[in-house]
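K.L.:
Please build the complete structure, drawing on both the sequences and the hints.
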Amino acid sequence: MTKAVQIKGVSKKYGSYQAIKKVSFDIHDNEFFTLLGPSGCGKTTLLRMIAGFETPTTGNIILHGQNIENLPANKRRVNTVFQNYALFPHMNLEENIGFGLEMLGWKKDKRECRVNEMLKLVHMEQFAKRFPSELSGGQQQRIALARALAPEPEVLLLDEPLSALDLKLRQAMREELQDLQRQTGITFIFVTHDQEEALAMSDRICVLAHGEIQHLDSPINIYENPTNRFVADFIGDTNFLDVNVTGSNVHATSIETPLGINIDVPASGVKVGQDAVMSLRPEKISINKSVDGVSLPGRVMHRTYMGGYTHYTIQLSSGADLRVSMRNNISNNINYDLNEAVTLGFSPASVRVLGE
Amino acid sequence: MSKLTMRFWGVLPAYTVMILLMIIPLGIIFYVSLMTSDPYGGYKPLFSLESYTQILYNYDWDNNLELNFQYLLIIGRTILLSLSTAILCLLIGFPVAYYISRQRKEVKPVLLYLVTLPFWVSMVVRVYAWVLILSNDGVLESGLRLFGFVDDIDSLLYNNGAMLTGMIYSYIPLMILPIYASIEKLDPRLLEAAGDLYSTRIQTLYRVIIPLCKAGIVSGFILVFVPCLGTVLEPILLGGGKTMMMGNLIQNQFGVSRNWSFGASLTILLLCIVLIFLFLQARRAAKLNQGAN
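If you read the sequences in order, they're chains P and C. Just so we're aligned, residue 1 is where the first sequence starts under the working numbering, counting upward by one. Just so we're aligned, residue 1 is where the second sequence starts under the working numbering, counting upward by one.
No lab work stands behind these hints: they were computed from the structure. Since no wrong hints were added, every one of them can be taken at face value.
Derived pair list, reagent style BS3-like, types lysine-lysine, alpha-carbon separation capped at 30 Å:
1. P:Lys75 to P:Lys3
2. P:Lys108 to C:Lys214
3. P:Lys108 to C:Lys287
4. C:Lys185 to P:Lys13
5. P:Lys107 to C:Lys214
6. C:Lys214 to P:Lys129
7. P:Lys107 to C:Lys287
8. P:Lys129 to C:Lys185
9. P:Lys13 to C:Lys108
10. P:Lys75 to C:Lys185
This structure is a prediction, so every number in the text was calculated from the model and none was measured.
P.N.:
What follows is the structure in structure tokens.
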């Protein structure tokens, strides 16, 4: 797999504030790569450095083997879809999409051909002569995509492009973005703070916090095997319980839990005596169902009906609270009442032990 | 009180001021311009278009009408100098406005204050300062001589160049401020987007910044051009009375020459020139708006 972008020891300082702390990773060709993190984690700074709007304080950015960290934005074969689209208000859609091609010196007829192709790609053929102010947010979004894709960039950067859209449209655009990426075969670097968006679209996700990489892996691995407490907390919902590690080897980690039981869970890097938490996802716990593993009695303290799901908070006899999420499907459409006594079950294999 | 009468009483003060200070004086001027001038000053209440023909024609010794370019020259010079002032103000003012808008939040108000600072000093004093700078053995000439650039300059003062310099100096804040306001409104992301789409800085300037700042540029241009047409001070102090502009010409008719009718007709002509320029501009703006929608 060839590398589209290599980030090598990149850091960025604003005065005394270190936005990015010596970050290194590679982005593969033809990949949908996501930079995910809470606001202020440095994901947008990183994207802006790849785009050429900021220069790294130290380190190198390599685009297909060429050092680009000191090139101005207009010399990089990289295009950006901006958060608020940044369409030129004084140009119609054709002119907007053709702008990059014009600047690259494409001939007029070749340019028109490409612009029409792009309008077709984003299903906006009939709007060619309109101005951006006459479009809805979703339509502007499509034009921004078309404008950025038109010059066939080596890498397309997307800076939270869906955050200004309403929920339904956002979900529809997710699929469109994925389709576009597959159709064009262009490497996408997507920045978002929305973990659901990241999980849904990405080939790989890089979770950032405080200017450092927390975890870089496929969506499944990030969700199922987070590297630390921050990642487990940021991606999806989970139960955290403080535990004592009593034994640790390559096959398993033994822990003493506040649930009143000691269990052996999949091996983690956490050593005996180290501060640690266990993470157990709410959907990995069952209610009143015999499972191969741990069974614990408890009482329903809180119930939130979500339609497709019901979220419960169950208080165990040991005093600990666990959140449980149950899917309301054909075979499992019972709702438990408040204060009802229930039995929880989970497999120790679903438990992850994480260092602080 | 009904809504209509409320509205009437509400706008009454504004209309009163307009009528008293603008419509009536203009009416008087128009009336005087249509009267016969009195050789002893003032005017005689006799209808005549003579003061208008006087702009173009002259009576020779045999009382025949004869074309006279004397006043056309002054009118032409006025328009040319005012246009040059506006254009040069734009060329100087745009980069200044752009520079100010790119500064840090704390610096901006200081720079803007500095731009408007000369307004706090009397116009006469400010223009007179240029006399000191440009005069023989003035600041500029002695400075240049000191560094050996020149031996002897004819005179930097009392010519069109000196007037132009003074007018640019006097009116440039009126160009900088509206342009600054329109640049401030510009979304910086648009500039980034242009750069991202392979446009050089110069291309971004011509394709994105200038088109989006058009409103500010046009209003700055009008704010400089219109008062320049009627300027009086610079021609007197910096032109030395040798090169007259319409403002001086009009002033002379009401003062030294005591030819009120002619002065009034020149005033009406000046007003018409301004109105024609404003009309052309309004029509262009309307066409642009149509294009955008």
